[in-house]
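A.B. asks: Residues per chain are reported as follows:
Number of protein chains: 4
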Amino acid sequence: MRTRDLILEEALKLFSEKGIKETTVRDIARAVGITEGAIYRHFDSKDQIVYELFGLHSERLYTALKESIDGSEDMEAKFKGAIRTFLDFAFKNPEAFRYMNIFHYLRGGEVRRFKKIPFSLLKDLVVEMKRSGVLNTEPEYALAVITGTLERVFLYKNMGIVKGRRKEIAQKTADMLWRILVECSKS
Amino acid sequence: MRTRDLILEEALKLFSEKGIKETTVRDIARAVGITEGAIYRHFDSKDQIVYELFGLHSERLYTALKESIDGSEDMEAKFKGAIRTFLDFAFKNPEAFRYMNIFHYLRGGEVRRFKKIPFSLLKDLVVEMKRSGVLNTEPEYALAVITGTLERVFLYKNMGIVKGRRKEIAQKTADMLWRILVECSKS
Amino acid sequence: MRTRDLILEEALKLFSEKGIKETTVRDIARAVGITEGAIYRHFDSKDQIVYELFGLHSERLYTALKESIDGSEDMEAKFKGAIRTFLDFAFKNPEAFRYMNIFHYLRGGEVRRFKKIPFSLLKDLVVEMKRSGVLNTEPEYALAVITGTLERVFLYKNMGIVKGRRKEIAQKTADMLWRILVECSKS
Amino acid sequence: MRTRDLILEEALKLFSEKGIKETTVRDIARAVGITEGAIYRHFDSKDQIVYELFGLHSERLYTALKESIDGSEDMEAKFKGAIRTFLDFAFKNPEAFRYMNIFHYLRGGEVRRFKKIPFSLLKDLVVEMKRSGVLNTEPEYALAVITGTLERVFLYKNMGIVKGRRKEIAQKTADMLWRILVECSKS
DNA sequence: CATGAATGAGGTTTCATTCAT
DNA sequence: TATGAATGAAACCTCATTCAT
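Chains as they are written, first to last, in our numbering: chain B, 1 to 187; chain U, 1 to 187; chain Z, 1 to 187; chain C, 1 to 187.
Hints in this document: simulated from the structure, not taken from any laboratory. This one's a predicted model, so the numbers in the text were calculated from it and none came from an experiment. If a hint is listed, it holds; no wrong ones were tucked in.
In the BS3-like style, the derived pairs of lysine-lysine whose C-alpha atoms are separated by at most 30 angstroms in a straight line are:
| # | chain 1 | residue 1 | chain 2 | residue 2 |
| --- | --- | --- | --- | --- |
| 1 | U | K13 | B | K13 |
| 2 | C | K21 | Z | K116 |
| 3 | Z | K80 | C | K130 |
| 4 | Z | K123 | C | K163 |
| 5 | U | K66 | U | K167 |
| 6 | Z | K130 | C | K172 |
Covered stretches of chain B, going by a simulated chain U footprint (3 or more residues, C-beta under 8 angstroms):
| # | segment |
| --- | --- |
| 7 | 19-27 |
| 8 | 94-106 |
Heads up, the beta-carbon is just placed ideally off N, CA and C, and yes, glycines get one too.
Let the sequences and hints guide you as you build the complete structure.
C.D. replies: What follows is the structure in structure tokens.
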């Protein structure tokens, strides 16, 4: 049953590197060290791999975020913890994170099939922050700032534009977002 | 020579909707109302269309941004003008903007072939803001906030998450970014 | 009416360089400096060019050989003159000669449509030499030696293996063939 | 792995009959009894088949010639043996021989990629004959006579111009060439 | 479970030919 | 006569998928 996981692993790498359509079943098979036919012992189709990968990693990030948010007491801890957890995941699973973005871009319409979407947790958090009076900015805009910044920090780190150790970057980003979105807007 | 432009137009639509690899030359030909072979009287290859489209729209946004920044006097006008110009372009050319993002994601390595990249203008602007003491945040992080937010505002507007008229959204985003990145950080 | 000849001229060059199928109508048009469509003002099809070129040059060589043979008195003059005329033609019209060989190789079956084939003159000459007792070798073999040698001398001259001026080479070849085929075999 | 050889076999037949460019991959597939796609499981491209075929048969003839020459004692045996081996090969592998000639005509420039070229062996033999005083004719011309005659004898046999059994023809040709090139020229 | 050969649909590209201008 | 855009058939090649072994 190990092979199944290897397939998912190598497919993820390839998809995130080259794109989904530009990765062939043969590419995956070669990376795993088996033949094309063997892939079909474990998956019905290439598309199944595509979906399973998205669901898998989407859920992993969702769970991590949920645990972080639920495990924190006050709003600031919830918020900063979520940001750090998010970036932690992205830094530790760059391929998964890249892949999720690619999937969103090309198969955006099919995302609704999945239940546990990290985005919804961030959205809920921001809405709660707004309701509790911590946030003054309109929640949609705050959400745009947050999700956009997270994606870019990840990209810029990979491109070498943002430097430093992962932990530091995650902490810095969390502090900055809290500062500019919450403290900044205090009347 | 009209056909050439039609091909670019329809290819852009399809690429931004379905992705590059998932759009066939036949798709493009059908959309234009000609046969596949006719495409090759105007372009040497599908890839040439792909590159030309990126260069074309990249340069259009670059020029708009450059004119906006160069035409403004003080820092605040430069900054807010750039943000508005950027979103204006994205809202008026959603396909082009989406396409540019997709291209970045899948052919990121080939971006360096192009000279006039909008990103570099934003980068220069942020660096200048930092140097003139207007900005306290580290420039790389500010850049992440700006570019990330812009992309997300565009996406959320298209998804119906962010509502309002284009002008308003652009203005609001510009004001917000200036407030949280500049005024907020005043010591 | 000049254009028609230019088309034949350039087509000959290209066919002899790259082959018939590997030369496109567009190649020819470009070489002439007109467009593809214009070719069809002068020829019904590419194949018409192919046939006309073979017939044209085949006949030119045929005529030259015939005049040379008919204009000579004795057997030796006829033979050596024919050889020299043949090589003269090949050296002065290398493209035509190469083309005729290519045509023979790829469309050999269609050669019979043409009346004035140089080969038949050489064949007649050899048969006459045999009948008149000048030649002792069997005529088919003599013919093989003659035609084979002529083709190779041309090729080797072009490849730089055989050196010297054209006239000399032609003379040398004529002398050699006469010597080895006629004088040699004297009982 | 049988299929791979079948593909080479049928491709050779078709190439030698109709030419390389005029034979399609589908032609080959049909002859073998498989689909076009299957060809590409065994070869990367049509061109790979083209090259492999030339290399394969070129080397086969080269080896046969080398063994014949190296296995003979005196010059006459070497020479006559080489001629007979050459024609033997051509008569037994008419398609291969025809194909090699076609390849030379159309892809002459690419021949240098191949190491074991029969021509070079004949050239060496003639040069050695010259050096040892057996041959009086200039070697380049002798070479032209030999290679040209061999090709023509093959062609004329196929066309029915030269008659007789293969062995006889090969022997006759060998004797004739030795006689006219060596004995004939004795001072 | 895995192989590896094969399929068949479909992709990009080429090219002889046509035709309105 | 010539242009240049277009056609349509066919070329080479790719690839997800199937299947006998």
